Amino acid sequence: DVKVTQSSRYLVKRTGEKVFLECVQDMDHENMFWYRQDPGLGLRLIYFSYDVKMKEKGDIPEGYSVSREKKERFSLILESASTNQTSMYLCASSFPLSTDGGEKLFFGSGTQLSVL
Amino acid sequence: DAKTTQPNSMESNEEEPVHLPCNHSTISGTDYIHWYLQLPSQGPEYVIHGLTSNVNNRMASLAIAEDRKSSTLILHRATLRDAAVYYCILSGGTSYGKLTFGQGTILTVHP
Chain A
30 DVKVTQSSRY
40 LVKRTGEKVF
50 LECVQDMDHE
60 NMFWYRQDPG
70 LGLRLIYFSY
80 DVKMKEKGDI
90 PEGYSVSREK
100 KERFSLILES
110 ASTNQTSMYL
120 CASSFPLSTD
130 GGEKLFFGSG
140 TQLSVL
Chain B
881 DAKTTQPNSM
891 ESNEEEPVHL
901 PCNHSTISGT
911 DYIHWYLQLP
921 SQGPEYVIHG
931 LTSNVNNRMA
941 SLAIAEDRKS
951 STLILHRATL
961 RDAAVYYCIL
971 SGGTSYGKLT
981 FGQGTILTVH
991 P
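Taken in order, these protein sequences are the chains called A and B. Each residue of the first sequence is one higher than the last, beginning at 30 in our numbering. Each residue of the second sequence is one higher than the last, beginning at 881 in our numbering.
Please keep in mind that the hints were generated in silico from the structure rather than gathered at the bench. Just so we're clear, the structure is a prediction, and the values are computed from it rather than from any experiment. Don't take every hint at face value.
[To be verified] Distance condition first, Cα-Cα at most 25 Å in a straight line; then the derived DMTMM-like pairs of lysine to aspartate or glutamate: (1) Lys84(A) with Glu98(A); (2) Lys978(B) with Glu51(A); (3) Lys978(B) with Asp88(A); (4) Lys100(A) with Glu894(B).
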């Protein structure tokens with residue numbers, strides 16, 4: 030089975046701290062994603078990466094950066110955490126369903142980040 | 881991006897079939913219809929996907945209207961473990977797998 034592992038299930042940080050959220054996948058997938066999920070707003074895409082050292086902004090990249098130095102690892106960085114970044118963060122990786130059928134995403138269990 | 885419309889919530893009784901509808905009137909010819917579910921405190925999980933023909937797998941069936949403007953996810957016999965949020969999503973082409981999740985349908989299953 031594909032496994033997407035997020036380093037922490039719960040995390041509490043202070044405003045202004047630099048925060049690293051780590052994600053590792055074990056299936057050699059090309060694409061990886063970071064989403065955040067908030068009540069009433071659903072899942073929103075922050076960043077994604079389609080190859081090592083490649084990254085693309087999603088719908089809400091402000092206040093975040095990412096790093097993909099190795100294929101299996103995709104890190105989300107909050108340069109200076111703020112209270113409005115308190116959220117559930119979900120990492121995913123994907124592989125193609127067919128040549129044009131889109132991708133099948135595998136999600137981790139999420140990291141609930143609280144910024145105080 | 882083409883959007884989908886789903887009911888906010890639905891209820892079912894255990895062991896009864898469940899039909900979860902999704903409208904996608906602006907679907908393009910290259911869009912596949914994907915369904916994901918999300919259990920409490922878990923990340924979303926792939927359920928099924930299709931293009932034009934109805935699809936079956938071990939989890940569910942997907943019925944797609946002939947004009948492709950709507951689809952229905954069918955759970956043949958609901959169990960308590962099927963209680964989750966179900967998302968209907970359009971994706972395909974060179975989107976690199978980016979999925980736009982809507983609010984989904986909260987399915988409640990009664991014993």
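Hint check results:
1. Lys84(A) with Glu98(A): Status holds; Cα separation ~11 Å.
2. Lys978(B) with Glu51(A): holds, 20 Å
3. Lys978(B) with Asp88(A): holds, 10 Å
4. Lys100(A) with Glu894(B): violated, 43 Å
Of the numbered hints stated above, the single one contradicted by the structure is hint 4.
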